[in-house]
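Student: The chain contents come next:
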Amino acid sequence: MRALIAEDHALLREGLIRLLDSYDIEVVEAVADEPSLVRALRREDIDVAIVDVRLPPTGTDEGLRAAVQARQQRPGLPVLVLSQYVEQLYARELLASEQGGVGYLLKDRVSNVKQFVDAVQQVAEGGTVMDPEVVAHLLRRHDGPLAGLTPREREVLEHMATGRSNAAIAASMFVTEKAVGKHIANIFAKLGLAQSDDDNRRVLAVLAYLQG
Amino acid sequence: MTATATAFVVLLVAWAGVVLAALSTAALTTVVLWFGIPWFVAMTVALRWYADQHRQATGRLLGRELVRPYRAFGSGGRFARIRWLLTDPATWRDMLWALVNCVAGTAIAGLVASLFAGTVYYAVYPLLLAVTPPGVFDRPFALVTLHHPAQGALLWPVAGLLGWLWWRYAPELMRIWAIMSAAFLEPTSAAVLQGRVAALAASRADTVDSAAAEIRRIERDLHDGAQARLVALSMNLGLADEMVERNPAKARELLAEARATTSTALTELRDLVRGIHPPVLADRGLVHAVRALAVDAPLPVGVHTSGFGEHELTRLPEPVEACAYFVVSEALANVGKHARANRVEIRMVLEPTRLLASIGDDGRGGADAGAGTGLRGLQRRLAAFDGTLSVTSPAGGPTILTMELPCAPLSPKTMRSSARD
Chain P
1 MRALIAEDHA
11 LLREGLIRLL
21 DSYDIEVVEA
31 VADEPSLVRA
41 LRREDIDVAI
51 VDVRLPPTGT
61 DEGLRAAVQA
71 RQQRPGLPVL
81 VLSQYVEQLY
91 ARELLASEQG
101 GVGYLLKDRV
111 SNVKQFVDAV
121 QQVAEGGTVM
131 DPEVVAHLLR
141 RHDGPLAGLT
151 PREREVLEHM
161 ATGRSNAAIA
171 ASMFVTEKAV
181 GKHIANIFAK
191 LGLAQSDDDN
201 RRVLAVLAYL
211 QG
Chain R
1 MTATATAFVV
11 LLVAWAGVVL
21 AALSTAALTT
31 VVLWFGIPWF
41 VAMTVALRWY
51 ADQHRQATGR
61 LLGRELVRPY
71 RAFGSGGRFA
81 RIRWLLTDPA
91 TWRDMLWALV
101 NCVAGTAIAG
111 LVASLFAGTV
121 YYAVYPLLLA
131 VTPPGVFDRP
141 FALVTLHHPA
151 QGALLWPVAG
161 LLGWLWWRYA
171 PELMRIWAIM
181 SAAFLEPTSA
191 AVLQGRVAAL
201 AASRADTVDS
211 AAAEIRRIER
221 DLHDGAQARL
231 VALSMNLGLA
241 DEMVERNPAK
251 ARELLAEARA
261 TTSTALTELR
271 DLVRGIHPPV
281 LADRGLVHAV
291 RALAVDAPLP
301 VGVHTSGFGE
311 HELTRLPEPV
321 EACAYFVVSE
331 ALANVGKHAR
341 ANRVEIRMVL
351 EPTRLLASIG
361 DDGRGGADAG
371 AGTGLRGLQR
381 RLAAFDGTLS
391 VTSPAGGPTI
401 LTMELPCAPL
411 SPKTMRSSAR
421 D
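So the sequence lines, in the order shown, correspond to chains P and R.
Numbering follows my numbering, in which position 185 of the first sequence is assigned residue number 185; successive positions increment by one, without gaps.
Numbering follows my numbering, in which position 289 of the second sequence is assigned residue number 289; successive positions increment by one, without gaps.
None of these hints come from the bench; they were simulated from the model.
Any given hint could turn out to be false.
As a list, the in silico SDA-like pairs of lysine to any residue whose alpha-carbon atoms are at most 25 Å apart [to be verified]:
1) 250/R / 26/P
2) 250/R / 23/P
3) 178/P / 148/P
4) 250/R / 118/P
5) 114/P / 1/P
6) 337/R / 264/R
7) 250/R / 1/P
8) 190/P / 95/P
9) 190/P / 140/P
10) 114/P / 200/P
11) 250/R / 27/P
12) 114/P / 237/R
13) 250/R / 14/P
14) 250/R / 13/P
15) 114/P / 252/R
16) 114/P / 230/R
17) 114/P / 248/R
Here are some chain P residues the structure puts well away from chain R; computed CB gaps all over 10 Å [unchecked claim]:
18) 35
19) 74
20) 77
21) 98
22) 132
Computed from a prediction, not measured in an experiment: that's the story for all the values here.
From the three backbone atoms N, C-alpha and C, an ideal C-beta is built for every residue, glycine too.
Based on the provided sequences and hints, a complete structural model is requested.
Tutor: Written out as C-alpha cells, the structure is:
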C-alpha cells in the first residue's frame, strides 16, 4: 500500500513513517505544509492520505480543508484525518460527502499501533473510521431514539459507528459474528434504517442517522 | 526681562491673532465655494501655529509646559479634515482667545511695555535734550521749559519711579496675562477627561488583544510542543510494545527514544509554565525573579535596585510584578537576539507611586520602537497599567529601554492576604 503523510511536526512525521513502514505501508511522500499537501493530493498513485488537521502556514485547519476539497474533486479519495483534539464540526464536514474512504482519529490512537494500522487499511479500502470520542458524543446527542436499544445493542452501535467490521466487533465483545449480525438487524429495525449487507454502507447510514 | 520681552512681542503680534480668527471665520461663509475649505483649513492651522507659539511663551512665564488641547486627527479626506477642525472645541477656543488677547492682552502687555519704555525714555532724557535742537525736547509735560541738558536730570526721579514700578510689577502683570492665556490655550477639564477616556479605551482594547494573543501563543506552544511530543511518545511506546518479542533490540531503541522525548516534553512544559508565571516571581517577588533571569542569561547581566526594602522583598500587586517581569525578560531576550552586546545593566528603582526600570546594553543599537512588534507589544502591555516604555538606541549603541510603571507597593497586611501558599 502507498500512503501520503501530511504532518508538520518532524518528530511525528518520522514516527508515522517508521510505524507504517514496519507494517509494509510505503510512505511515498511526506509533506509538512498545506501548499505541498494540495499538490501531493493530486497524485494518482496514492492509496491513502494521512493528514494532520493543523498545518502551516496559518496552523489552523488547512489540512482538513485541503482534504475536504480534494475529496470534492476526487470523490472517494481515501483520507484519514488526524488531530490532537476532535471537533464534531470537522467530523461532519468529512462525512458530508456521504462517500466512504474517510477517517477521523485522535492522534493519541497511534499508540495502539495495530488498531491504527487497521484503520489506515480500512480507509484505504473505502471504509469509514470515526474516533470513539466522536461517536460517543454523537450517541449522547441522540439519547431519545436510542433509549429503545438494549445495552448490548448500544455497544454494538458504538463499535459500528467507529467503523469496525462485524468480525472486529465480535472479537472485542467476545461474541460470535452471527450474534453481532443479529444485534445490528435489531438496531436498524429500531432506528428505522434500511438494512444493507455492505459493511461500509451500513456505517455511513448509521453515522448519517446519528449526525441527523 | 523675559516678561518684558514677551510683553513687547504680544503687543506687536496680538492683532495677528484677530486677523487669523477673522479670516478663518470668514472662510466658513465661503465653504460652498471651492476655495472655502482649503482656506478655512489653512487659516485654522495658521491660528494653531500662532497659538502654539503663545503656548511656549506662556509656558516659559509659568514655568511649566502647556498641554496642547487639539484632538488627534484620525484619517480621511478633506471633508474628514474639516469636520475634525470644526468639531474640535479647541478651534473655537483659539479664536476666542485671539479676541481676548487682542484686548486684554494688549492692555496688559502695553502697560508693561510702557513702564519699560518710560523708564528708558526719562533716563536718557538729558541726552535727548542735548542732541536735539531747541523746541523739540525742552518742554516735558508742557509745564516747564528746560534750558540745559543737565536739567534733564531732573526727570530721573520719574525714570526711577517708572523703573521701580516696572521692576516690581512687570513679571506679575505678565503672569496675569499668562494665566489668562493658559485658561484659553489649555484643554478644558472636560477635554482632558475626554482624552483620558479615549486613551483608556485604546489601552483596554490593547489589553484584550494582547491577552488573546498570549492565550493563543500558549495554546500553540502546548499543541506544537508538549502535546506533540506526548503523541510521539505514545507512538514509540506502542511500536515498542509490538516489537518487544519480534525485535527486542529495536524495541529497546524505541524505549530509549521515548525516554528522551519525555524529558524534552517536560523541559518544554517547564519553560512554558515559566513563561506564563515564573514560580520564583510568585515565591520571592520581582527583584529576585529578575536576578534569576540575570543568572540564566547567556551574557553578564548586572542588576541594581533601590527602594525594595530590606532583603529586596517589597512586593507589588501581582499583575504589576508580572508585567514588569515580562518587560524585563523580553528586553533581555531582545538583547540576546539582536544587540550583540557584551553586557547588560538592569536598574530598578521603586518609588512610592511608581516603579522605574531601565535595561541598558552595550550592543550595536538601532532598535526602533516603531519598527519592531516586540517593543510595541511591551508598550501595549504596559499601557494597561498606564505604564510607558521609551527606547533610546542610536546606531552603534548603547540601547537603553526605560520603563515607568505607576504602582504602589503592597502594605504588609494586604501582602499577607494575597500571599499564596
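Student: A separate judgement is required for each hint: does it hold in the structure or not?
Tutor: These are the hints, each one checked on the structure:
1. 250/R / 26/P: Roughly 19 Å separates the two Cα atoms, so the pair holds.
2. 250/R / 23/P: Answer holds: residue 250/R to residue 23/P is near 15 Å, not above 25 Å.
3. 178/P / 148/P: Distance of about 21 Å is within 25 Å: holds.
4. 250/R / 118/P: holds (22 Å)
5. 114/P / 1/P: holds (16 Å)
6. 337/R / 264/R: holds (23 Å)
7. 250/R / 1/P: holds (23 Å)
8. 190/P / 95/P: Given pair residue 190/P, residue 95/P holds - Cα atoms ~23 Å apart, limit 25 Å.
9. 190/P / 140/P: Status holds; Cα separation ~17 Å.
10. 114/P / 200/P: holds (20 Å)
11. 250/R / 27/P: Distance ~20 Å between residue 250/R and residue 27/P Cα, so the pair holds.
12. 114/P / 237/R: holds (12 Å)
13. 250/R / 14/P: Roughly 16 Å between the alpha carbons, so the hint for residue 250/R and residue 14/P holds.
14. 250/R / 13/P: holds (19 Å)
15. 114/P / 252/R: holds (19 Å)
16. 114/P / 230/R: holds (19 Å)
17. 114/P / 248/R: holds (18 Å)
18. 35: holds (19 Å)
19. 74: The assertion about residue 74/P holds, with a minimum of 29 Å to chain R.
20. 77: Non-interface label on residue 77/P holds, nearest chain R Cβ at 25 Å vs cutoff 10 Å.
21. 98: holds (30 Å)
22. 132: About 16 Å separates residue 132/P from the closest Cβ of chain R, which puts it past 10 Å; holds.
In the structure shown, no violation is registered for any of the earlier numbered hints.
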